[in-house]
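2 protein chains.
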Amino acid sequence: MYGPGDVRIEEREEPRIVEPTDAIIRLAATCICGSDLWPYRGLDAWDWPVAMGHEYMGIVEEVGTDVSNVKPGQFVIGSFFASDNTCEIAAPATRLPASSVNVWAGAQAEYLRVPLADGTLVEMPGIPDDDLVPSLLAASDVLGTGWFGAVAAQAAPGKTVAVVGDGAVGLLGILSAKQVGAERIIAMSRHASRQQLARGYGATDIVEERGDEGVELIKKLTDGLGAHSVMEAVGTQESMMQAIRATRPGGRVAYVGVAHGVELPGHELFFSHTHLHGGPAPVRGYLPKLIDLIWNRQIDPGKVFDLELPLDEAAEGNKAMDERRAIKVLLRP
Amino acid sequence: MYGPGDVRIEEREEPRIVEPTDAIIRLAATCICGSDLWPYRGLDAWDWPVAMGHEYMGIVEEVGTDVSNVKPGQFVIGSFFASDNTCEIAAPATRLPASSVNVWAGAQAEYLRVPLADGTLVEMPGIPDDDLVPSLLAASDVLGTGWFGAVAAQAAPGKTVAVVGDGAVGLLGILSAKQVGAERIIAMSRHASRQQLARGYGATDIVEERGDEGVELIKKLTDGLGAHSVMEAVGTQESMMQAIRATRPGGRVAYVGVAHGVELPGHELFFSHTHLHGGPAPVRGYLPKLIDLIWNRQIDPGKVFDLELPLDEAAEGNKAMDERRAIKVLLRP
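If you're matching them up, the sequences are chains D and C in order.
According to this note's numbering, the first sequence is numbered sequentially starting from 1.
According to this note's numbering, the second sequence is numbered sequentially starting from 1.
Please keep in mind that the hints were generated in silico from the structure rather than gathered at the bench.
Ideal Cβ positions, reconstructed from N, Cα and C, are used throughout, including at glycine.
There may be inaccurate statements among the hints.
Under 10 Å between C-beta atoms, here's a sample of chain C residues computed to sit facing chain D [stated by the list, open to error]:
1. V50
2. F270
3. H277
Just need the whole structure built from these sequences, with the hints factored in.
Dropping the structure here:
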């Protein structure tokens with residue numbers, strides 16, 4: 001990406017092993033993330049140009065001398081953070097500074113250098129059937145992020161979960177809440193096609209209204225108390241406040257939309273009595289379980305890819321997502 | 001309080017039963033809260049005058065026709081919120097709107113009307129020895145609030161806990177963290193007398209520095225990671241950011257200082273990977289346990305009262321706390 005709205009496909013040098021802990025993978029599929037729309041819309045100030053892409057799956061081509069968990073020829077997947085997986089922090093991702101997101105740019109390509117390959121990459125049980133590729137690719141970020149949302153919001157049997165945001169992460173947050181047994185799942189969405197997908201993933205109710213009006217409707221559906229668990233999957237001031245206000249006292253707000261221009265009013269937060277947790281999802285930790293669920297065809301997160309393009313048409317893919325013609329675009333190198 | 005810095009003691013009509021769920025208690029002891037300093041310093045815009053006081057213990061004088069759990073002659077204690085104790089929200093306090101804090105003003109008096117007496121008041125095992133009075137009174141707010149801080153921060157064996165704020169709540173947060181078995185407790189305090197009390201309550205380390213410098217020292221003490229659990233017991237922007245930044249990724253920030261002018265930057269919060277929880281403490285739920293610990297002389301939270309005055313000298317009490325000559329002032333009607 002050379003600047004807002006300016007996506008170009010160009011020849012770059014093939015990546016090679018730099019550190020002995022690196023692996024080089026040949027990508028089978030990659031995709032465009034909803035978070036790419038922030039810079040695309042000029043809402044993130046970056047040093048242009050930036051190599052885009054942080055979701056990937058593919059075949060190991062080569063590994064550094066210190067890599068022992070993965071071998072050339074294996075089909076692997078990783079998350080958007082490199083993970084050494086050995087630190088004492090529960091979420092392996094968090095060992096790296098937040099700026100490592102940028103280290104990760106560049107997965108919209110034919111080849112990718114993956115640092116800390118032993119901790120980062122997870123081998124698949126075999127060569128995936130082609131129809132499983134979108135779902136496996138979804139695990140690389142959006143499914144793992146939605147799963148983190150459900151975990152952080154403590155979605156569980158007997159609980160009412162509300163999801164703010166009907167992008168890929170919000171939709172897969174619904175799928176995740178359903179998987180962990182939530183009793184009732186309220187999708188906040190005003191787009192017919194996304195509502196349909198939401199229902200397919202387990203949403204029991206749809207709320208089309210936003211802001212205070214949307215909050216009032218959530219309260220009406222929950223005896224005036226608000227939802228037990230609310231996932232925020234947008235990252236704006238409005239969506240954060242909608243999430244906090246739709247949560248009952250003692251309830252849980254999970255924020256997984258990358259916050260942009262958000263300032264949380266301390267006084268309101270104080271009296272809301274909610275729990276807050278969120279941030280970049282520790283996707284790596286969930287990957288083995290998520291791959292298993294997909295491999296056994298128990299979940300189908302790949303449905304969020306409603307447009308598939310050759311890698312060469314990445315510019316059109318960004319445009320389609322920006323214009324909300326597509327929820328999420330899969331790119332085939 | 002007639003305005004900032006203007007505290008007057010005056011004769012008012014004796015409270016009487018208004019609702020059948022009310023009780024009237026004759027106060028044995030009451031006190032001035034650190035949160036009273038916000039209006040005292042002109043930092044809360046109130047409709048003056050306001051009857052002050054929300055911490056109390058005393059003898060039941062009279063009960064309404066619907067009250068069955070407490071009887072005249074019993075020694076009781078309650079928290080700063082009226083609690084019906086029957087709702088489905090975990091924290092009983094939260095059934096009432098936040099504005100009920102104002103309903104509660106008026107405990108700096110000889111008599112107090114307590115709404116929802118059945119849910120709100122807790123009977124003591126008997127008539128307390130006089131030396132237990134300060135500790136029991138502390139349970140009414142500051143101890144219960146410090147306890148909530150320890151619970152919300154998930155202080156526990158093996159954990160390092162940091163406490164921002166060396167007022168009564170912060171000090172009793174230290175006591176609470178110790179009670180729940182925290183391994184290491186870092187007090188952030190620059191006042192010798194408060195440091196001494198902090199150590200007496202279980203602090204293992206003292207950090208005198210504030211802001212980023214204080215955060216750096218906490219990180220130095222915790223292998224560069226930050227504390228597992230941080231309690232914020234002040235309520236300012238600086239103290240909140242200090243708490244969030246001193247917490248390791250995946251750690252817990254508990255905020256129990258009433259937030260004033262606080263705006264949490266969403267982007268930093270997102271990448272902090274911390275958990276946040278706080279607000280007015282559900283003290284009522286903790287009272288039976290806290291009374292038990294005090295009655296059996298296992299804890300001595302009353303030490304935070306370092307000045308005792310007759311009720312008539314409430315103005316001097318506020319002044320002493322404002323000037324930090326006293327941590328907390330007990331008033332005897």
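Status of the hints after comparison with the structure:
A distance limit of 10 Å between C-beta atoms decides the matter here; for V50 (chain C) the minimum to chain D is near 18 Å, and the interface restraint is violated. Hint status for F270 (chain C): holds, given a least beta-carbon distance of 4 Å to chain D, under 10 Å. At its closest, the beta carbon of H277 (chain C) sits 4 Å from a beta carbon of chain D; the interface hint therefore holds under the 10 Å criterion.
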